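If you want the building blocks of each chain, they are given just below.
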Amino acid sequence: MYQYVAKRVLLVIPTLVGAAALVFILMRLIPGDICVVRLGSGGGSFDPRAVDLCHAELGLNRPLTVQFLDFVWGFFRFDFGISMWSGKPVSQEILARVPISLEIALMATVIAILIAVPLGTISALKQNTWIDVVVRTLAIGGIATPSFWLGIISILFVLNISNAITGTPWMPPIDYVPIWRDPLRNLSMAFLPAITVGYRYAAVSMRMTRSSMLEVLREDYIRTARAKGLIEKIVINRHALKNALLPVVTVIGIEFAFLIGGLVVTEQVFNLNGIGRLFVQAVQNQDYTLTQALVMLTVAIFVFSNLIVDLMYAWLDPRIRFA
Amino acid sequence: MRSVSFAAWLAVIIAAGPVMADNTRESTPKRGGTLTYMIPADAPPSLDLHREATYALVHAVAPFYSVLMRVNPENPADTTQFVCDLCTSIPTPTEGGKTYTFKIRTDVKFQDGSPLTAADVAASWHEIIFPRAGVLSARANWYSVVDSVAAPDATTVVFKLKFATSTFLPSLADPYAAIYPKATLDKDPHWFEQHVMGSGPFRFVAYDIGQDIKGERNPDYYHKGLPYLDGFVGIFAEKQVVRVEAIHSGRAAMEFRGLPPSAINDLNRELGDKIKVQTSDWNCGNLITPNERRKPFDDVRVRKALLLAVDQWGGAPALSKIANVHTVGGIVFPGSPLAATKDELQRMAGFWPDIEKSRAEARRLLKEAGQENLHVELLNRNVDQPYKYVGTWLVDQWSKIGVTATQRVVPTGPWFAAMRGGDFDVVVEANCNSVVNPVLDTQKYLPHDVFVENYGGYSDPEEVDIYNKMLRETDFTRLRALMRQYETRIVDTEAREFPMLWWYREIPERSYVHGWKIGPSHYINQDLSDIWLDQGPNG
Chain L
13 MYQYVAKRVL LVIPTLVGAA ALVFILMRLI PGDICVVRLG SGGGSFDPRA
63 VDLCHAELGL NRPLTVQFLD FVWGFFRFDF GISMWSGKPV SQEILARVPI
113 SLEIALMATV IAILIAVPLG TISALKQNTW IDVVVRTLAI GGIATPSFWL
163 GIISILFVLN ISNAITGTPW MPPIDYVPIW RDPLRNLSMA FLPAITVGYR
213 YAAVSMRMTR SSMLEVLRED YIRTARAKGL IEKIVINRHA LKNALLPVVT
263 VIGIEFAFLI GGLVVTEQVF NLNGIGRLFV QAVQNQDYTL TQALVMLTVA
313 IFVFSNLIVD LMYAWLDPRI RFA
Chain F
2 MRSVSFAAWL AVIIAAGPVM ADNTRESTPK RGGTLTYMIP ADAPPSLDLH
52 REATYALVHA VAPFYSVLMR VNPENPADTT QFVCDLCTSI PTPTEGGKTY
102 TFKIRTDVKF QDGSPLTAAD VAASWHEIIF PRAGVLSARA NWYSVVDSVA
152 APDATTVVFK LKFATSTFLP SLADPYAAIY PKATLDKDPH WFEQHVMGSG
202 PFRFVAYDIG QDIKGERNPD YYHKGLPYLD GFVGIFAEKQ VVRVEAIHSG
252 RAAMEFRGLP PSAINDLNRE LGDKIKVQTS DWNCGNLITP NERRKPFDDV
302 RVRKALLLAV DQWGGAPALS KIANVHTVGG IVFPGSPLAA TKDELQRMAG
352 FWPDIEKSRA EARRLLKEAG QENLHVELLN RNVDQPYKYV GTWLVDQWSK
402 IGVTATQRVV PTGPWFAAMR GGDFDVVVEA NCNSVVNPVL DTQKYLPHDV
452 FVENYGGYSD PEEVDIYNKM LRETDFTRLR ALMRQYETRI VDTEAREFPM
502 LWWYREIPER SYVHGWKIGP SHYINQDLSD IWLDQGPNG
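Protein chains in written order, with the numbering used here: chain L, 13 to 335; chain F, 2 to 540.
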């Protein structure tokens, strides 16, 4: 087990270095110049000497190899440097956005699990009945509906419904307050995006739960369990569901990692000051240091969430050995 | 025509200011409340006004700072009215228009309690005009006319110019020209990138990176009785849908940049008398630049044909229903006394009143140039309002003379890269300025060898010569005549740049918001000191 974990952790290093090289090169292939965007995007005239000074200040006039080595050296020291756009430490920029992204991701995950596992299981158990059709329709709807569209529609829905009921339109707060400072305000801000994201997330997990359950229910050991005379509840919960959840856990792990940095449009629609929105801003502004750090963060989250998923396999399926 | 000195003309206007202000006052202002407004952008790069160029920063931190002088907040629509903020009166220049001596108020304190003196004003302006090595000043080139700035005593600031010019006084009203404490500037000029220390109507409370900025009333504010608000919260939101719904639901009272007609219509329909809308022509406009380094756009006949094909008079009413454009104008903001009149405009190519005649001439020119089957790739910026609307309209207009046009729409970074690298046929760009200062605003039209951020790829010594004369002209009548020469050469004679419809600001504000008056720029009149609330969620 320990050997397996150590091997997995060591594999993380070349993955991160590869990602670092890739993002460094790709960012510099995008045409544009952070200094020109910064000084000229308002449409006004600006001093060209300011552009040169800006390049010097950001170290963009140094050779690319020096810039790359600087980045890699900083990365190994967990120092991602200063955001080229804001001049603030990258870690500060990211940490300011982590709470809201993490909160939405966790809430969406809970919503997804609460919806997906029971409904997916029921759908499998009631295969080809009207219940199955309804659940599958819900799942396909969730996959087919873009979260940002659902977000806009849900805001409009809440606005119109509240207006119809109370005579005053209501929408969730648009400025973030930490949950420990004002739980009600925090949750009223987070619930709508969590539901819209959680619905899509649940849809993916629901389909996975259903198909996995259908497969497991046809296994010999389920037939054996039933032949032994075990009651159906125990057969489903202890023998079928536990084994069927293996691929579901994988999906949940990958989706969770995606949610941390991937709620690009949803965060904009709900004006959430999260990692996804920061990602878009960093790319738009051609903020190399911040984009590089965010890519590395996302890669790290994916790598470690996959590692956790692999470790959970052991708990869910004793047949898996980490030799 | 009798010549009028520009300074005298400006002095008359300045004197008229307070009278006009009294006439426009709505009712008795009430104290208290917190104004929540949307800042329609992502967070600015830094908090240093001298360094940055985005309006997002002005909307966020202007309430914390004082400036030497400014556009009259009671009548910002007038492009020639300037009033003192820190100065006690706007000086009449001496030494042939080359010296401006400002007396500075003595009752001003920074947020930390230290007094603001002329030394702070001079140091701040010195840093703007002559930034020390390693310090970035975004608009230093506006002040190339300044020879020196000094504070001979605690209440006097003296600007000495290299030559007299009409551009100087309006350029001093730049909303980015915040006054910082000299002691802090001396110690670390980069300090203001991450911190706020001003003497404006509001005191800095908090800035949540990328989310919002908060201020509270400055009890020591020197304009007595102001500000009316207890505080403000500015929320950054780049997405229009968020801003519109925030105003709709009352989460925010207003925004200050401008929404497109469809959003304004939605708000009006949903909120009825709970919303007001202020409108103004905007000192921003798209301009179309052909790349003269590329054939056949080096041929004036081809450029002129493209210009003549566009029906600005016919297009304006229709386009203004869907995009934030409105007024037909030349290279000078239509509200300025230096702008071309309708009659003057209609004598220039691209503005002829008879579009059929104009297009017939365009076809003739294309035939003469051997370009009857011309294909144009129009480079455009991936910004809806109004770039893509204007671009799509142009494609249609050019098709009327048989030109096939396609659009290449790219994000801001690649758009700049393509323009700067000369990788385009024709580009939709913009000229967007703050305080209306026509001579400075039109430097964008100068050839690349004089003004680096002109992308037309042409050289024109005669045009530069006219501009230099304008820069040194202080007589209004002669200046206006020179501006017509400059405009005619750029647009009509050489068809180097095609000014498109001027943008239009439509600012929604909840009906409980009072006191703020719209101006021709989203950069000006942003200190919030005149705003008051008579009800509302925080009022």
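Careful: at least some of the hints might be erroneous.
Below, computed lysine to any residue pairings styled on SDA-like, alpha-carbon distance capped at 25 Å [stated by the list, open to error]:
1) Lys-163/F - Gln-195/F
2) Lys-296/F - Val-170/L
3) Lys-240/F - Leu-114/L
4) Lys-100/L - Ala-134/F
5) Lys-100/L - Ala-207/F
6) Lys-138/L - Ala-237/L
7) Lys-240/F - Ser-200/L
8) Lys-104/F - Lys-225/F
9) Lys-99/F - Gln-112/F
10) Lys-277/F - Asn-266/F
11) Lys-19/L - Ile-37/L
12) Lys-100/L - Lys-99/F
13) Lys-240/F - Glu-231/L
14) Lys-163/F - Val-453/F
15) Lys-161/F - His-127/F
16) Lys-215/F - Asn-175/L
17) Lys-240/F - Lys-254/L
18) Lys-240/F - Ala-237/L
19) Lys-240/F - Asp-466/F
20) Lys-215/F - Ser-200/L
21) Lys-240/F - Val-145/L
22) Lys-215/F - Pro-111/L
23) Lys-110/F - Asn-266/F
24) Lys-240/F - Leu-168/L
25) Lys-277/F - Ala-176/L
26) Lys-100/L - Lys-275/F
27) Lys-163/F - Pro-462/F
28) Lys-245/L - Val-145/L
29) Lys-275/F - Pro-111/L
30) Lys-240/F - Asn-175/L
31) Lys-275/F - Pro-43/L
32) Lys-275/F - Leu-171/L
33) Lys-368/F - Pro-462/F
34) Lys-277/F - Val-170/L
Just a sample of chain L residues kept apart from chain F, beta carbon distances all over 12 Å, derived [to be verified]:
35) Leu-51
36) Ile-134
37) Leu-137
38) Leu-226
39) Arg-238
Just so you know, the hints here were simulated from the structure itself, not pulled from any lab data.
Source: prediction; values computed, not measured.
Each residue gets a CB set at the ideal place from its N, CA and C atoms; glycine is no exception.
Taking the hints in turn, this is what the structure says about them:
no. : hint                  : in the structure
1   : Lys-163/F - Gln-195/F : violated (35 Å)
2   : Lys-296/F - Val-170/L : violated (56 Å)
3   : Lys-240/F - Leu-114/L : holds (22 Å)
4   : Lys-100/L - Ala-134/F : holds (21 Å)
5   : Lys-100/L - Ala-207/F : holds (16 Å)
6   : Lys-138/L - Ala-237/L : holds (19 Å)
7   : Lys-240/F - Ser-200/L : holds (20 Å)
8   : Lys-104/F - Lys-225/F : holds (19 Å)
9   : Lys-99/F - Gln-112/F  : violated (34 Å)
10  : Lys-277/F - Asn-266/F : holds (11 Å)
11  : Lys-19/L - Ile-37/L   : violated (28 Å)
12  : Lys-100/L - Lys-99/F  : violated (42 Å)
13  : Lys-240/F - Glu-231/L : violated (51 Å)
14  : Lys-163/F - Val-453/F : holds (22 Å)
15  : Lys-161/F - His-127/F : holds (12 Å)
16  : Lys-215/F - Asn-175/L : violated (29 Å)
17  : Lys-240/F - Lys-254/L : violated (43 Å)
18  : Lys-240/F - Ala-237/L : violated (56 Å)
19  : Lys-240/F - Asp-466/F : violated (44 Å)
20  : Lys-215/F - Ser-200/L : holds (21 Å)
21  : Lys-240/F - Val-145/L : violated (37 Å)
22  : Lys-215/F - Pro-111/L : holds (20 Å)
23  : Lys-110/F - Asn-266/F : violated (44 Å)
24  : Lys-240/F - Leu-168/L : holds (15 Å)
25  : Lys-277/F - Ala-176/L : holds (22 Å)
26  : Lys-100/L - Lys-275/F : violated (41 Å)
27  : Lys-163/F - Pro-462/F : holds (22 Å)
28  : Lys-245/L - Val-145/L : holds (23 Å)
29  : Lys-275/F - Pro-111/L : violated (36 Å)
30  : Lys-240/F - Asn-175/L : holds (23 Å)
31  : Lys-275/F - Pro-43/L  : violated (46 Å)
32  : Lys-275/F - Leu-171/L : holds (16 Å)
33  : Lys-368/F - Pro-462/F : violated (29 Å)
34  : Lys-277/F - Val-170/L : holds (24 Å)
35  : Leu-51                : violated (5 Å)
36  : Ile-134               : holds (37 Å)
37  : Leu-137               : holds (41 Å)
38  : Leu-226               : holds (41 Å)
39  : Arg-238               : holds (54 Å)
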